[in-house]
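*Asks:* With the numbering used here applied, the sequence shown covers 15 to 548.
It is worth saying that the hints were derived from the structure and are not from the lab.
Take these hints with a grain of salt, some might be off.
As the list claims (entries may be wrong) - With beta-carbon atoms standing in for the labels, derived distance ranges:
| hint | residue 1 | residue 2 | range |
| --- | --- | --- | --- |
| 1 | 152 | 526 | 36 to 42 Å |
| 2 | 444 | 116 | 53 to 59 Å |
| 3 | 315 | 219 | 34 to 40 Å |
| 4 | 269 | 162 | 53 to 59 Å |
| 5 | 488 | 223 | 28 to 34 Å |
| 6 | 526 | 211 | 23 to 29 Å |
| 7 | 60 | 338 | 26 to 32 Å |
| 8 | 314 | 265 | 35 to 41 Å |
| 9 | 184 | 152 | 32 to 38 Å |
| 10 | 274 | 543 | 20 to 26 Å |
| 11 | 479 | 84 | 20 to 26 Å |
What the hints assert, rightly or not - For lysine-lysine, the following DSS-like pairs were computed, each having C-alpha atoms within a straight-line distance of at most 30 Å:
| hint | residue 1 | residue 2 |
| --- | --- | --- |
| 12 | 148 | 86 |
| 13 | 342 | 370 |
| 14 | 315 | 225 |
| 15 | 277 | 305 |
| 16 | 342 | 364 |
| 17 | 425 | 225 |
| 18 | 84 | 96 |
| 19 | 225 | 92 |
| 20 | 145 | 381 |
| 21 | 205 | 225 |
| 22 | 52 | 102 |
| 23 | 133 | 145 |
| 24 | 489 | 207 |
| 25 | 315 | 267 |
| 26 | 131 | 153 |
| 27 | 489 | 102 |
| 28 | 548 | 205 |
| 29 | 115 | 86 |
| 30 | 315 | 342 |
| 31 | 207 | 149 |
| 32 | 355 | 381 |
| 33 | 295 | 305 |
| 34 | 149 | 131 |
| 35 | 378 | 425 |
Where is the CB? At the ideal position from N, CA and C, for every residue including glycine.
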Amino acid sequence: MKRLLAAALLIVALMSLGASAAKDDSRIFRIGVLSDAKNLNPYFGFQGTETTVTGEVYDTLFTYDEVEGKLKGNIVSKWETKDNYTWKMTINQGFTWSDGKPLRVDDVVYTYEMIIKNKFPGQMAILATFKGIKKIDDKSFEMTFTTPAVSNLRFAGTAILIIPEHIWSQVRQPRAFANLNPVGSGPMILKEKVDGQYIVLEVRKGHPTRKYNFDAMELIVVRDQTMGILSLRDGAFDFFDDRIPPQIAEDIKNNPNQYRNVKVDVNSTTSITTLMFNMRKAPYDNLSFRKAVALTIDSAKLIKTVLMGYGTVASPSLVMPFVEWANKNIKPIKADVNAAKKLLAAAGFKDVDNDKFLEMPDGKKLKMSILCPSAGTAMNVAEYIAYGLRAVGINAVHTPMSGDALTNEYKGGQFDAGITSIGFSEPRDMYFYYFHSSRGLLGEGRVSGFNYGGFSNAEFDELSTAMRSENDETKQFTQLRRLQEIVADAYYQVPVYSASNISLYRDDRFKGWTSVQGLSILNSHTMRNLAPVK
């Protein structure tokens with residue numbers, strides 16, 4: 015502990031030698047991070063710190079307001095369409111690059127064409143329905159999509175960072191470009207970077223849309239979570255960028271004098287941990303079996319024991335009730351072991367050889383392997399579920415795997431069941447990609463999309479396809495609620511719980527912290543509202 019405390023004090027000392035020494039310290043917003051930024055290519059920097067930096071250095075065409083649930087203009091000031099296939103957009107003339115040059119329509123067109131030409135994998139997935147882009151004049155351009163899905167604009171417009179043509183056109187290999195001296199149009203510029211220690215981002219005054227009430231943001235690198243929490247406690251930074259476990263939140267709650275000015279933000283998220291079945295295989299293709307398994311899972315007890323109360327019981331609609339389009343008529347599943355046993359018996363599952371485990375209706379042995387990550391809460395959850403299944407006669411075991419191995423098993427489509435998570439922040443496309451039968455087809459040993467368990471329902475396919483191009487919000491909500499009923503009735507993914515999002519921050523230097531349901535306390539609303547206390 016003494017060694018950790020000394021290290022925390024060293025962090026404070028190091029920062030006093032950094033770029034902030036010459037500034038009013040009260041206007042420097044500091045964040046503790048667990049990783050350095052080694053690649054600032056906006057299309058290849060995937061570490062959390064890298065995306066934080068590029069997200070502030072660069073801009074997107076639009077932003078998405080999480081509270082209002084609406085698309086808002088950013089680089090684009092006006093957008094219109096007659097058919098949802100082709101959109102005419104006008105750019106905001108107030109944007110400039112950090113080297114002083116104006117942001118032009120040509121930069122926007124170049125960005126999308128460069129991504130397509132170089133086939134950046136992450137962006138190609140985002141631009142799956144993107145058809146093309148062309149300049150109309152110095153103020154406007156046209157973007158075309160292959161489908162009329164109303165979500166096209168959100169994906170293509172909020173997830174693609176716009177880059178300057180005069181810089182990137184000189185780069186021979188864009189996919190190999192680390193971009194460590196980025197030129198962007200965003201509200202911050204990279205001022206200083208000391209590898210493995212800290213990054214300083216200076217706020218650009220006069221940004222047209224993203225205005226901050228502080229002068230700089232410093233990202234301070236710590237080696238692990240314990241170090242980060244101690245450093246936050248001792249005032250080294252204002253926010254610790256990590257998902258905090260319930261045990262830490264409870265410790266802070268029970269020992270406030272040891273964590274003066276440290277606050278805990280807890281709110282619900284749209285992410286739901288589920289037990290997913292592979293419906294291509296017996297007995298997981300049997301609805302009664304899936305229902306019986308669902309009835310053995312006591313979500314409330316899991317939340318109390320595994321999450322220490324930091325979670326919410328979710329319904330089989332897989333949509334949290336605070337979401338505007340949630341079907342609130344669909345209630346959570348209530349655990350009932352006796353009902354589970356009756357369902358299994360009625361479906362023909364019997365203990366033929368008296369070994370205390372059920373055989374399948376055709377007499378074959380039944381052994382259920384529940385895949386799960388090899389570390390963290392999910393492994394404990396899988397073990398708990400397997401224990402409950404054995405109590406009703408299902409020979410179940412949990413099978414921990416590394417992240418990559420687990421993903422490969424799911425994509426291979428040969429598993430029994432597994433612990434996964436799902437969250438519908440964008441329902442129109444996500445419902446399609448996770449449940450449409452075309453996204454669960456097996457070809458060359460791989461599942462074609464995210465429908466790993468092979469869920470298939472003709473009504474769902476037809477309705478989810480129609481919903482993607484529906485412009486009338488009332489009709490769309492009606493479609494979404496019916497889709498939730500289909501998903502709930504199928505028991506394809508059984509909800510286990512929705513874990514709370516826990517964030518830690520200090521309130522002695524900055525005010526304006528804004529809690530937004532479903533997000534970390536450090537969200538776009540907080541960034542706009544933050545201001546020095548003094």
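*Asks:* Hint by hint, say whether it matches the structure.
*Replies:* Here is what the structure says about each hint:
no. : hint                    : result
1   : 152 <-> 526: 36 to 42 Å : 38 Å, holds
2   : 444 <-> 116: 53 to 59 Å : 37 Å, violated
3   : 315 <-> 219: 34 to 40 Å : 53 Å, violated
4   : 269 <-> 162: 53 to 59 Å : 56 Å, holds
5   : 488 <-> 223: 28 to 34 Å : 30 Å, holds
6   : 526 <-> 211: 23 to 29 Å : 27 Å, holds
7   : 60 <-> 338: 26 to 32 Å  : 30 Å, holds
8   : 314 <-> 265: 35 to 41 Å : 23 Å, violated
9   : 184 <-> 152: 32 to 38 Å : 22 Å, violated
10  : 274 <-> 543: 20 to 26 Å : 23 Å, holds
11  : 479 <-> 84: 20 to 26 Å  : 24 Å, holds
12  : 148 <-> 86              : 22 Å, holds
13  : 342 <-> 370             : 39 Å, violated
14  : 315 <-> 225             : 45 Å, violated
15  : 277 <-> 305             : 41 Å, violated
16  : 342 <-> 364             : 37 Å, violated
17  : 425 <-> 225             : 43 Å, violated
18  : 84 <-> 96               : 20 Å, holds
19  : 225 <-> 92              : 20 Å, holds
20  : 145 <-> 381             : 47 Å, violated
21  : 205 <-> 225             : 18 Å, holds
22  : 52 <-> 102              : 37 Å, violated
23  : 133 <-> 145             : 14 Å, holds
24  : 489 <-> 207             : 51 Å, violated
25  : 315 <-> 267             : 22 Å, holds
26  : 131 <-> 153             : 24 Å, holds
27  : 489 <-> 102             : 25 Å, holds
28  : 548 <-> 205             : 25 Å, holds
29  : 115 <-> 86              : 24 Å, holds
30  : 315 <-> 342             : 22 Å, holds
31  : 207 <-> 149             : 37 Å, violated
32  : 355 <-> 381             : 17 Å, holds
33  : 295 <-> 305             : 16 Å, holds
34  : 149 <-> 131             : 17 Å, holds
35  : 378 <-> 425             : 26 Å, holds
Consistency with the previously given hints fails for numbers 2, 3, 8, 9, 13, 14, 15, 16, 17, 20, 22, 24, 31, ordered from lowest to highest.
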